[in-house]
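**Student:** Here is how the chains run, residue by residue.
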Amino acid sequence: AQRVTQPEKLLSVFKGAPVELKCNYSYSGSPELFWYVQYSRQRLQLLLRHISRESIKGFTADLNKGETSFHLKKPFAQEEDSAMYYCALSVFNAGNMLTFGGGTRLMVKP
Amino acid sequence: DTGVSQNPRHKITKRGQNVTFRCDPISEHNRLYWYRQTLGQGPEFLTYFQNEAQLEKSRLLSDRFSAERPKGSFSTLEIQRTEQGDSAMYLCASSGKQGAGTGELFFGEGSRLTVL
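One line per chain: the protein sequences are A and B, in this order. Numbering follows the numbering used here, in which position 22 of the first sequence is assigned residue number 25; successive positions increment by one, without gaps. Numbering follows the numbering used here, in which position 89 of the second sequence is assigned residue number 508; successive positions increment by one, without gaps.
Chain B with its partners taken away, still in its complex shape:
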């Protein structure tokens, strides 16, 4: 296992198009997180899953953003009708069953979105 894997690494799209990012977490990890990072800022939490259940989604930026983890393994983050302001790095992270609040998230390399 080489860690958290994200695809594609870079996506360039035109405004109004839909994009989807995929995240494959570390295989034994039951929690999966999506973050967004814009230039000069720290990662901003979007949503997270415990197994297939999406336990927090109120931080998704708008109803154009949605995430799924249908079988509790990989996850997808979809952005519909992209806007230029969606241009950012989208980070995925996973964590295991160490109990609440241990705080060690394992991050992927990110998927960079550029909206023209």
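Okay, chain A solo, but in the shape it has when bound:
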């Protein structure tokens, strides 16, 4: 069975500092990886997916199959980035069923 691990429950940085939210997964096949975000008093929503290789709101994430990681990075954190971030994994042909990590709360201090 697949598993997603986010080792940090809380990450606190100052505005303008670099951010890296860690995500490790275990799955024997080729997964698809995603980052979801939940801002205060808002719904959980997709931030980015590895297959798109896109940068959203300055965030990027690279799938490292050798290290089974999908860390989320941003070079300069902004206060509006403060939120809960969840890494998630989907198995091909499994109907978009997502397995989520436990989440990391990012706090960006002024």
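These are computed hints drawn from the structure, not numbers from a lab. Hints should not be assumed to be uniformly reliable.
If you anchor each label on the Cβ, the simulated ranges turn out as follows [unchecked claim]:
#1 B:Glu463 <-> A:Ser31: 41 to 51 Å
#2 B:Glu523 <-> A:Gly105: 13 to 23 Å
#3 A:Glu23 <-> B:Gln436: 41 to 51 Å
#4 A:Gln81 <-> B:Asn470: 34 to 44 Å
Facing chain A, according to a computed beta carbon distance under 8 Å, are these residues of chain B, among others [as the list claims (entries may be wrong)]:
#5 Arg450
#6 Gln460
#7 Gly461
#8 Ala472
#9 Phe493
#10 Glu497
#11 Ser514
#12 Glu523
#13 Leu524
#14 Phe526
#15 Gly527
#16 Glu528
So these bits of chain A aren't anywhere near chain B, every CB distance computed over 12 Å [unchecked claim]:
#17 Gln48
#18 Gly105
#19 Pro113
From a predicted model like this one, the values you see are computed outputs, not experimental measurements. For every residue, glycine included, the Cβ atom is placed at its ideal position computed from N, Cα and C.
Got chain A sorted already, so can you dock chain B onto it with the hints?
**Tutor:** Here is chain B on its own, set in the frame of chain A:
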């Protein structure tokens, strides 16, 4: 369409009572998912539907949990004989026909259950 809608938003019940949650997905979405989220944890998958067919239900937590989507539109999640450990946020999500594995689920605001 304002997105995925869930009702009620908050339910307080006594142990042993039955509760039912409703989810209205985005209208053109054919897939509907139920997740449970407890404090400090990520969402935990429970079950999902493609149209009216329940394609995965092995992750439902016990036989006290059941879900339906009778006409392929809205869905209900019922918990019978509630226990204090059922207290959690129950999230519904939907997705469209983009093909397997695109991974974009659209979530509702959730229904919070408190069992006294």
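**Student:** Each hint should be assessed against the structure and marked as holding or not.
**Tutor:** Here is what the structure says about each hint:
1. B:Glu463 <-> A:Ser31: 41 to 51 Å: Violated, since B:Glu463 and A:Ser31 (Cβ atoms, about 21 Å apart) do not stay within the stated range.
2. B:Glu523 <-> A:Gly105: 13 to 23 Å: At roughly 21 Å between Cβ atoms, A:Gly105 and B:Glu523 fall inside 13 to 23 Å, so the hint holds.
3. A:Glu23 <-> B:Gln436: 41 to 51 Å: 45 Å, holds
4. A:Gln81 <-> B:Asn470: 34 to 44 Å: 41 Å, holds
5. Arg450: 6 Å, holds
6. Gln460: 6 Å, holds
7. Gly461: 3 Å, holds
8. Ala472: Where the cut-off is 8 Å and the nearest Cβ of chain A is about 11 Å from B:Ala472, the hint is violated.
9. Phe493: At 18 Å from the nearest chain A Cβ, B:Phe493 fails the 8 Å test, so the hint is violated.
10. Glu497: Result: violated, 21 Å to nearest chain A Cβ.
11. Ser514: Constraint on B:Ser514 satisfied, holds at 5 Å.
12. Glu523: 5 Å, holds
13. Leu524: 6 Å, holds
14. Phe526: Holds, about 4 Å.
15. Gly527: Interface hint status for B:Gly527: holds (7 Å vs cutoff 8 Å).
16. Glu528: 6 Å, holds
17. Gln48: 7 Å, violated
18. Gly105: 5 Å, violated
19. Pro113: Holds, since 26 Å exceeds 12 Å.
Comparing the model with each numbered hint stated earlier shows that hints 1, 8, 9, 10, 17, 18 do not hold.
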